[in-house]
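Construct the complete structure from the given sequences, taking the supplied hints into account.
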Amino acid sequence: MSTADDAHDRTAPLKIDTTVPHSARFWNYWLGGDDWYPVDKELGDALREEYPAIAGIAVASREFLGRAVRHLARDVGVRQFLDVGSGLPTAENTHQVAQRYAPDSRIVYADTDPTVLLHSQALLTSTPEGATTYLDADVMDVDVMLERAGADLDLEQPVALMLLSMLGHIEPDPAAELVQEYMRRLPSGSYLVTCDSIDDPVVIAVCEDYAAAGAAPYYPRSKEQLAATAAGLDLLPPGLGPIARWRPDHPEMEPPQDQLYQWGLVARKP
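In case it helps, numbering that gives the first Met the number 0 puts the sequence shown at residues 0 to 269.
These aren't lab readings, by the way, just hints derived from the structure by calculation. Among the hints, erroneous ones may be present.
[What the hints assert, rightly or not] Quick list of simulated restraints, FRET-style, between CB atoms:
id, residue 1, residue 2, range
1, A150, S187, 15 to 25 angstroms
2, R99, Q256, 37 to 47 angstroms
3, E170, P250, 27 to 37 angstroms
4, A150, A230, 35 to 45 angstroms
5, E223, P186, 20 to 30 angstroms
6, E253, K222, 14 to 24 angstroms
7, S221, P51, 21 to 31 angstroms
8, E49, L154, 23 to 33 angstroms
9, P269, D208, 37 to 47 angstroms
10, P127, A204, 47 to 57 angstroms
11, D74, E180, 20 to 30 angstroms
12, E91, G213, 28 to 38 angstroms
13, E91, M252, 18 to 28 angstroms
All values reported here derive from a predicted model rather than from experimental measurement. Here a beta-carbon is modelled for each residue, glycine too, at the ideal position from N, C-alpha and C.
Okay, here's the thing in structure tokens:
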């Protein structure tokens, strides 16, 4: 099994700017993690105070990951997961959920964030039957991503491509084309799991304030832009919509409003 050391020279100093907010640390703070700096907490607190209706988006994304991976591993039989833009490890990461239901699952995580790299060893645990790997790789370079992921995944067998709350760092049209290229290169029976913040006025205001604080811009999506990522794929019911309503554990309960700004889908390649 490869390790983070294979993917990055740890003798080289990692450049982490602690003076401006960063999405991985900011998201970790909103999820209740510990891997953030004061600048991330300051912005997170300010946005929650100014826009309390938005505070649940990180929770919605993490819970969606759990339900989607559970369905794919337990109910569909997927045994390979490529989690791109995985972010900082928290509770219920992809490998933990997948291997709970299918111990022989193989998971490859990929990210380029230096903070994530520092914590990548937390992602390299695995059941004896399965495997987990971390790659320092850029989502924009499909050739390199798939070539390196192919060292640990059998790319002739179905793969679940996970792109959760991360495509917003890419402008919408190139992002949709990028996802389509990944899915074109993956075999029949593969799955796409993706979600992002919808272009509601509240979300747009949050993203504007986030960028104004010095963080990298985040582009919320229209429903049409989200749907475009799954062009040519078969959407699993209930289709595209708020991820808090995607096969919830308690369907009789309406999710809180602050979890309805993340929309997404799970789709299968025919």
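Hints and how they fare:
A C-beta distance of roughly 22 angstroms is found between A150 and S187, which places it inside the suggested range of 15 to 25 angstroms. In this structure, R99 and Q256 break the distance hint of 37 to 47 angstroms, their C-beta atoms being roughly 30 angstroms apart. At about 35 angstroms, the CB distance of E170 to P250 agrees with the hint of 27 to 37 angstroms. Checked against the hint of 35 to 45 angstroms, the pair A150 and A230 fails, with Cβ atoms roughly 29 angstroms apart.
Taken as a hint, the range 20 to 30 angstroms holds for the pair E223 and P186, whose Cβ atoms sit roughly 27 angstroms apart. Take E253 and K222: their Cβ atoms lie about 20 angstroms apart, and the range 14 to 24 angstroms holds. Between S221 and P51 the beta carbon distance is about 24 angstroms. The supplied range of 21 to 31 angstroms therefore holds. A hinted range of 23 to 33 angstroms is violated for the C-beta pair E49 and L154, which are about 45 angstroms apart.
For the hinted restraint 37 to 47 angstroms between P269 and D208, the CB-CB distance of approximately 41 angstroms keeps it satisfied. The hinted window of 47 to 57 angstroms between P127 and A204 holds, with their beta carbons roughly 48 angstroms apart. In this structure, D74 and E180 meet the distance hint of 20 to 30 angstroms, their C-beta atoms being roughly 28 angstroms apart. A hinted range of 28 to 38 angstroms holds for the C-beta pair E91 and G213, which are about 30 angstroms apart.
At roughly 20 angstroms, the beta-carbon separation of E91 and M252 lies within the given 18 to 28 angstroms, and the hint holds.
In this structure, the earlier hints numbered 2, 4 and 8 are contradicted, and the remaining ones agree with it.
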